[in-house]
Every structure is written in structure tokens, then in C-alpha cells.
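The numbering of the sequence shown is the working numbering, which starts it at 260 and goes up by one.
It should be emphasised that the hints constitute simulated quantities derived from the structure, not laboratory data.
Cβ coordinates follow ideal geometry from the N, Cα and C atoms, glycine included.
Just so you know, not all the hints are guaranteed correct.
Here are the simulated lysine-lysine pairs, DSSO-like style, with alpha carbons at most 27 Å apart [what the hints assert, rightly or not]:
no.	residue 1	residue 2
1	377	366
2	366	305
3	366	297
4	377	297
5	366	306
Between beta-carbon pairs, the in silico distance windows are [claimed, not checked]:
no.	residue 1	residue 2	range
6	322	263	36 to 42 Å
7	340	383	20 to 26 Å
8	424	384	18 to 24 Å
9	306	347	19 to 25 Å
10	400	326	36 to 42 Å
11	407	319	37 to 43 Å
12	304	424	31 to 37 Å
13	340	400	20 to 26 Å
14	347	380	17 to 23 Å
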Amino acid sequence: MAALLIPPFQFSFVEEFLYRGAYPTRRNFRFLRRLGLKTIVSLIPKKLSEDLTAFCRDEGIVSHVIMVNQDKGEKLGVGEQDVIRVLELVLDASNYPLYFHSNNGVKLVAPVVACLRKLQGWDLAAIIAEAARITSDSYASHVTSFAESFQGQVTMPMCTPYWVTQPSRAVSGEVVVPAPGNGNGLAAAMGASAGGKNAEKAVESTGGEKGSPPLVSMPERATELPHCLVGATSTASQPMTESTRDW
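The task is simple: from the sequences and hints, build the whole structure.
Structure (C-alpha cells):
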């Protein structure tokens, strides 16, 4: 019988080998280990827990902590400079696979995702639709307003993921959910992430209680990245001189 693994609350895909969600706890570590993470980016108001610090150390994961001060006046609890710092890490393919999170996986994560989609050239209606999937409709309006007005200068790394310069896949309000490309079975985790449409079905199939984090059956850990994320020498990656992106 395959081991049952528990993803972090609000766990989901953003793009291939790029994941988002809530603060990982000890019961999520086995799941995260299977992702073969290279980088974890934490948008949090205080330092990492000892458990997560030890996990990153033991697994050889580079941890970036971006301290946010949720009392400093921003409606979303995150400022433009915070988002820029996350985007510059997310846009560097050498950091992949990468998981970024806040405490609850919603309030601070949603603005980052919305600004990333803006950089990708997504239609505004598609950005709104995705924000509404991540959080409540009322909060989504604040997120999209933040993204619309975002004019931060983001330094593009030497090698960006292939999807940064691909034509937008989200037009006229249609949101296309990226699927994992290495066949490692992580689609089950996305469908069963807390709050997802398939959450109840996943709970039923694993014997959990409704509303609890789902248990997910996972295959062995994937150890290789596809060629598009290996580095600047790959034909599918996008080598470029370091530059800045205007909005």
C-alpha cells in the first residue's frame, strides 16, 4: 500500500515545478520531500519555526525568509517591495523546484500570484478569476486592484522558466491550470488541496474527515527536472542578460 501523504493547507500548482500554499508543518514534510524542492520562500511576520528550519537543512533546501509587517498599513498585508523580492526568486529557474508560502496560504500569496500573472501577460479577467479561486471574492477585488496598480521594477535573472516568455494561456477570462510535466502524480495533490473542488472526494477516498487536510497517495520522489528548467544551455529555457521588466 502506497504511503499516504498530507500536502500543506491550500497547496496548489502555479506553474511547472512552482508551488504555493500555507506554512508547512511536520505532517507535511514527507509530502514536500517528494517534490524534490530546491527552494522554499516564506512570506511571514516572524522567523521560521525550528521544525521547518531543520527540515530545510536536512533536505538541502535553500530557505528565503521575507519578513512582512502586517501592521504597516498595506491593505493586503504585503507591500510592493515584498512582492518584488518573491518574484525575483520565482523568476529564477535555478531555484526550481520552488514552494512559496505565507501562514495561511491566501492573504500574502494571492497578490504575488496576481502580479506574476500580470508579468506573464494574462488577461485581467483571468487574473480576477484565479484570485477568486485562491481567496474570497471580496478579497480578490483588493488583490486584483493591487496587481493593476503594481509598477515595481523586477530584475530578471540570467535564466528564466520557459513559461515566462511563452504567449499567455489565459485570455478572455479563461484560467488554464498548469499540469505537472514529469508524471510524478502531483495532480492528485492539487485536486485534493484544502478548499479545492475535489477535496470532499479526496477525503472520502482516504478515510479522512470533511474539512481536514486531505491525505494523498504519492509515488516515489522525482529526482530530475525536465530539460526546460535545467539551465541556460537548454533550448527551452530562456537565457538572457540580467535586465529589468517594465509593467
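TODO: May I ask which of the numbered hints given earlier this structure violates, with the numbers listed in increasing order?
DONE: 6 and 10
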